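Enquirer: Starting from the known structure of chain A, fit chain B onto it as the hints suggest.
So you can see what is in the structure, the chains are spelled out below.
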Amino acid sequence: EPEVTQTPSHQVTQMGQEVILRCVPISNHLYFYWYRQILGQKVEFLVSFYNNEISEKSEIFDDQFSVERPDGSNFTLKIRSTKLEDSAMYFCASSEIGRTSGQGTQYFGPGTRLTVL
Amino acid sequence: AQTVTQSQPEMSVQEAETVTLSCTYDTSENNYYLFWYKQPPSRQMILVIRQEAYKQQNATENRFSVNFQKAAKSFSLKISDSQLGDTAMYFCAFMKPNDYKLSFGAGTTVTVRA
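The listed protein sequences derive, respectively, from chains A and B. Taking our numbering, the leading residue of the first sequence gets 1, the next gets one more, and so forth. Taking our numbering, the leading residue of the second sequence gets 1001, the next gets one more, and so forth.
Please note that the accuracy of each hint is not assured.
As the list claims (entries may be wrong) - Computed cross-link-like contacts, DSS-like style, restricted to lysine-lysine with a CA-CA straight-line distance of at most 30 Å:
(1) Lys42(A) to Lys1073(B)
(2) Lys1073(B) to Lys1055(B)
(3) Lys1096(B) to Lys1055(B)
(4) Lys78(A) to Lys42(A)
(5) Lys1078(B) to Lys1096(B)
(6) Lys57(A) to Lys83(A)
(7) Lys42(A) to Lys57(A)
(8) Lys1070(B) to Lys1055(B)
(9) Lys78(A) to Lys57(A)
(10) Lys1073(B) to Lys57(A)
(11) Lys1055(B) to Lys1078(B)
(12) Lys1055(B) to Lys78(A)
(13) Lys83(A) to Lys42(A)
(14) Lys1078(B) to Lys83(A)
(15) Lys78(A) to Lys1078(B)
(16) Lys57(A) to Lys1096(B)
(17) Lys78(A) to Lys1073(B)
(18) Lys1070(B) to Lys1096(B)
(19) Lys1073(B) to Lys1096(B)
(20) Lys1078(B) to Lys42(A)
(21) Lys78(A) to Lys1096(B)
These aren't lab readings, by the way, just hints derived from the structure by calculation. Just so it is clear, the structure is predicted and the values come from calculations on it, not from any experiment.
If we strip away everything but chain A, and leave its shape as in the complex, we get (with noise of 0.2 Å):
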């Protein structure tokens, strides 16, 4: 069954440093989405995106933060300065289509655990 793989699974950082968090969605799909879990939090949503642009975004994904998909199977979010707030876990999805029907339920990653020291 085709699934979201996302590297690396987990990420240590030094506060300032940037970091990049890589996902492979399913191929089929079109949106891409990226969402956080804070340690003991809800899941909260950051950005979703599709045809190479933003769709969406939260307050929470501000101008440190940036999406892309650099080619036909990446989808990355890269943090530009690392802030120890910005330890949690980072959750890649991707859905079939963005509107809800059917194909538009979200699948997601195993995540990425990141750490800022």
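Expert: The following block gives chain B in isolation, referenced to the frame of chain A:
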């Protein structure tokens, strides 16, 4: 922003028994979509079940079923014949039509006892 409330932080159930998780939500929309996701200790988010608000019939997936009460804005998940592998955090989530994001509840930790 949509509000999704899961009022039970933790629940424990004996293996083979049934457990019901509650979820309520707040929306002015008439059509929307509701989901339950499971997050085991590995922390991967796994889709359990999905419900379209325009469908009156409650969704069922094997041992998992929902009780969708649209007027009450309630969407509970029933796990029947609980198995040890069902031990996980369960999240209720809401999506509006023409929207791209899921709004999650705080989650309910389910522990299945042998």
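Enquirer: Against the structure, test the hints numbered earlier, and report the numbers of the ones violated in rising order.
Expert: Numbers 12, 14, 15, 17 - these are the hints that the structure violates, sorted from lowest upward.
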